[in-house]
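From just these sequences and the hints, can you work out the full model?
Residue numbers (the working numbering), protein chains in the order written: chain A, 1 to 578; chain B, 1 to 177.
There could be a bad hint or two in this list.
Below, in silico cross-link-like pairs of lysine-lysine (PhoX-like), each with a Cα-Cα straight-line distance of 20 angstroms or less [stated by the list, open to error]:
hint, chain 1, residue 1, chain 2, residue 2
1, A, K222, A, K283
2, B, K64, B, K6
3, B, K71, A, K327
4, A, K242, A, K423
5, A, K242, A, K356
6, A, K247, A, K212
7, A, K340, A, K205
8, A, K327, B, K63
9, B, K112, B, K95
10, A, K236, A, K167
11, A, K205, B, K166
12, A, K242, A, K340
13, A, K558, A, K532
14, B, K71, A, K167
15, B, K166, B, K71
16, A, K205, B, K71
17, A, K327, B, K64
18, A, K223, A, K212
To be clear, the hints were calculated from the coordinates, so they are not data collected in a lab.
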Amino acid sequence: MKETQTIETSKASVSKTERITGSEAIIKCLIAEGVDILYGYPGGAIMPVYDELYKYRHDIHHVLTRHEQGAAHAAQGFARISGRVGVAIATSGPGATNLITGIADAQIDSTPLVCITGQVPSNLLGTDAFQETDIIGISTPVTKWNHQVTDASEIPEVLAKAFYIAKSGRPGPVLIDITKDAQFGELDFKYEKCIGVRSYNPVPKIEINDVKAAAKLINAAKKPMIVWGQGVILGKAEEALKAVVEKAGIPAAWTIMGASALPTSHPLNIGMVGMHGNYAPNKLTNECDVLIAIGMRFDDRVTGDLNTYAKQAKVVHFEIDPAEVNKNVHADVAVLGNSKDSLEALLPLLNENSHKAWHQEFKDLYAIEFEKVIKDDLHPTKEGLTMGEVLKEINIQSEGDAAIVSDVGQHQMIACRYSEFNKTKSNITSGGLGTMGFALPAAIGAKMAAPEREVVAIIGDGGFQMNIQELGTIFQQKVPVKIVVLNNEFLGMVRQWQQLFFDKRYASTEMTNPDFITIAKGYYIAGKRIAKRDQLADAVKEMIASKESYLLEVCVEKEDNVFPMIPSGASVSDIRLS
Amino acid sequence: MNEEIKTFTISIYTENNIGLLNRISAIFQRRHINIESLTTSQSEIEGVNRFVIVVNITEPQAKKIIGQFQKQIEVIRAYYHTDEETIFQESGMFKIKSDLLFNEPQIQNIIKESNARIVTVNKEFFVLEKSGRRNEIESLRRDLNIFGIMQFVRSGRISVTKEEMKITEMLLAFNNQ
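Here it is in structure tokens:
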């Protein structure tokens, strides 16, 4: 049976045939796909490829991470800030399994990755050979596509297909497992970019009647509200979204993955929805008459209890992935297709509007949230430092231009709530999977993909220690990422839940931490620890001004909680302010 | 939509690739859905496989799961149908001691009445094959069980739909793009 249904050739393809090894072919495929940086870790079953990476070291930069999980997250950070495909490479067995968390993260957050793993020689498959794992079996539920190559001649076609699938439509991770004999074997190399797979329709065609139906509902709405997600960023629809929001005067909120698609300062940007989102957009989800979802998937952390979610509203869902429509929330009108094209088709059909009174309702609720939560987060009067005031200071010093790479937990929610974003693709975080340990390696990838940007990793003391070994990568590669560890000596979010829902039984959440600054010093990374408010501005200033990587550890209040909060399984209407 | 649990036959047209069965069964497993039967074979189109899977789920579940199948790169198209919308069959095989055929005259009547087919007979055993609905095969099994069955096996459901499934057209459209 034919392995792929790749058709035709692109004009940019390399069409001359030459006799080379499978491992050299892999490198040539990567170069043909425009890959100039990849992240990985060598080992027995991938050594032929590393030998070629050595030969091609002037064309393609291999970054040796300190753990394969770091390689996968670095490739994610690379992809998330640039929109390009991130590439990670590892050996068989433990090398491959160590990639899995990053792959699962990329799958649930729709991040385009191509992961290449070495595999034992094909004659040893299934024999429990040294460092053999069934990585195809293991990765199947967490990949958009995966494939095992056992013959060198398959490599160009399979890798072309891998890149095409990873980046087209709703992006996602692809894993290609290549046996060692396929790496050593020879083939007549010819590279043709993949431009289609017959069983795969990445972008549904937009039905203009659906767009018209959407416009009709939106034009008739008295209280319309937009909730956009990462689909806007992935579809490069930021300008189209802005145009729609402005023309129809619709208050627009974002999911954690959609953050930064519209600048924070935009007057119609009403903040974040979800468990720790803003008060107004959560509350008013259950007041709006038309809910316009754009490139988002109604995650449970966004909706809370589905039985009490936006029941009064007509729902219009703009979405590229048909499986997301009616999955969690019934759509009265669904527009399938790329977000940019869909919104551009919608724009001329919309009536100009301002919805002033409705917008005022958001402002009124914001005032309540400010009084009850934000004021104390950003302008605290108590002695201990808050995470919020650190973020505020970073906003000031970076002038809102920094890309914020956050880990998972309280600091992540604070980072997403309070970061001021001027530019798109500025909020890089593990949204769907909630992977602690994501931020440090992801920040490496982000900074390398966008060296011109200020990249600030915001990490808790727990998550920092989950991939702390990547300080070695930062040191060896001289990646000038800025690291802020918000240290409350707790696994803060779990502690918060223990406080609120488990009668303060702090089971295994208190951390006795090492001296992080000394650890950083061991990697020749400069750093400073502060614990007082009057040190904050200067410390952040020093960090931002640093030309090299820098660790700022801020000792924050130990038992602060993140509010607002929609308790797990509760209605968005029941959002708590304290 | 109807939340009642019903029997649905899911038809999935796919490329013929290693690992796809794993990908498809994982979609059921992840949602804690038990597969009643699963059959895969060549379809009417050269190089295209067809899975026929029987599950007891609600219609909203069926709809969502079809979306998940269609999302898989190597799935060409997936459908779900109720029993009324399909023509379906199963096949059962019975291995029985040959002396029963001669010592128990009733067995011959059972074979005749059930429209079962004798596949092979030798001195030791004979093999019966019966195609039909589950209840017909089960009824035959009950009848024969009285005399003793050496081996019994029943296939998964195979089915064709009453409505047309335009896979060929879909593939042609891709080739003409």
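Now the hints, each set against the structure:
1. With a C-alpha separation of about 17 angstroms, the suggested pair A/K222 and A/K283 falls inside the 20 angstroms cut-off, and the hint holds.
2. Between B/K64 and B/K6 the alpha-carbon distance is near 15 angstroms, which keeps this suggested pair within the 20 angstroms criterion.
3. Taken as a hint, the B/K71 and A/K327 pair is honoured in the structure, with Cα atoms around 13 angstroms apart against an allowance of 20 angstroms.
4. Taking the CA atoms of A/K242 and A/K423, the gap is about 13 angstroms. The hint holds against a cut of 20 angstroms.
5. Distance check on the hinted pair: A/K242 and A/K356 sit about 17 angstroms apart at the alpha-carbon level, within 20 angstroms; holds.
6. The hinted pair formed by A/K247 and A/K212 meets the criterion: a straight-line CA distance of about 16 angstroms does not exceed 20 angstroms.
7. The straight-line distance between the Cα atoms of A/K340 and A/K205 is roughly 13 angstroms, inside the 20 angstroms bound, and the hint therefore holds.
8. Restraint check for A/K327 and B/K63: the C-alpha separation of about 9 angstroms stays at or below 20 angstroms, so the hint holds.
9. In summary, the hint linking B/K112 to B/K95 is supported, as the alpha carbons are separated by about 16 angstroms, within the 20 angstroms threshold.
10. Restraint check for A/K236 and A/K167: satisfied, since their Cα atoms lie roughly 13 angstroms apart, inside the 20 angstroms limit.
11. With a CA separation close to 18 angstroms, the supplied pair A/K205 and B/K166 stays within the 20 angstroms bound.
12. Between the alpha carbons of A/K242 and A/K340 the distance comes to roughly 11 angstroms, so the proposed pair stays at or under 20 angstroms and holds.
13. Distance hint between A/K558 and A/K532 is fulfilled; the C-alpha atoms sit about 14 angstroms from each other, no more than 20 angstroms.
14. Restraint check for B/K71 and A/K167: the C-alpha separation of about 15 angstroms stays at or below 20 angstroms, so the hint holds.
15. Only pairs whose Cα atoms come within 20 angstroms are accepted, and B/K166 paired with B/K71 is accepted, the gap being roughly 18 angstroms.
16. Of the supplied pair hints, the one linking A/K205 and B/K71 holds, its CA atoms being roughly 15 angstroms apart against a limit of 20 angstroms.
17. A threshold of 20 angstroms between alpha carbons decides the hint, and for A/K327 with B/K64 the separation of about 6 angstroms falls inside it, so the pair holds.
18. Proposed proximity of A/K223 and A/K212 is supported: the alpha carbons are some 19 angstroms apart, at most 20 angstroms.
Taken one by one, the earlier hints all hold for this structure without exception.
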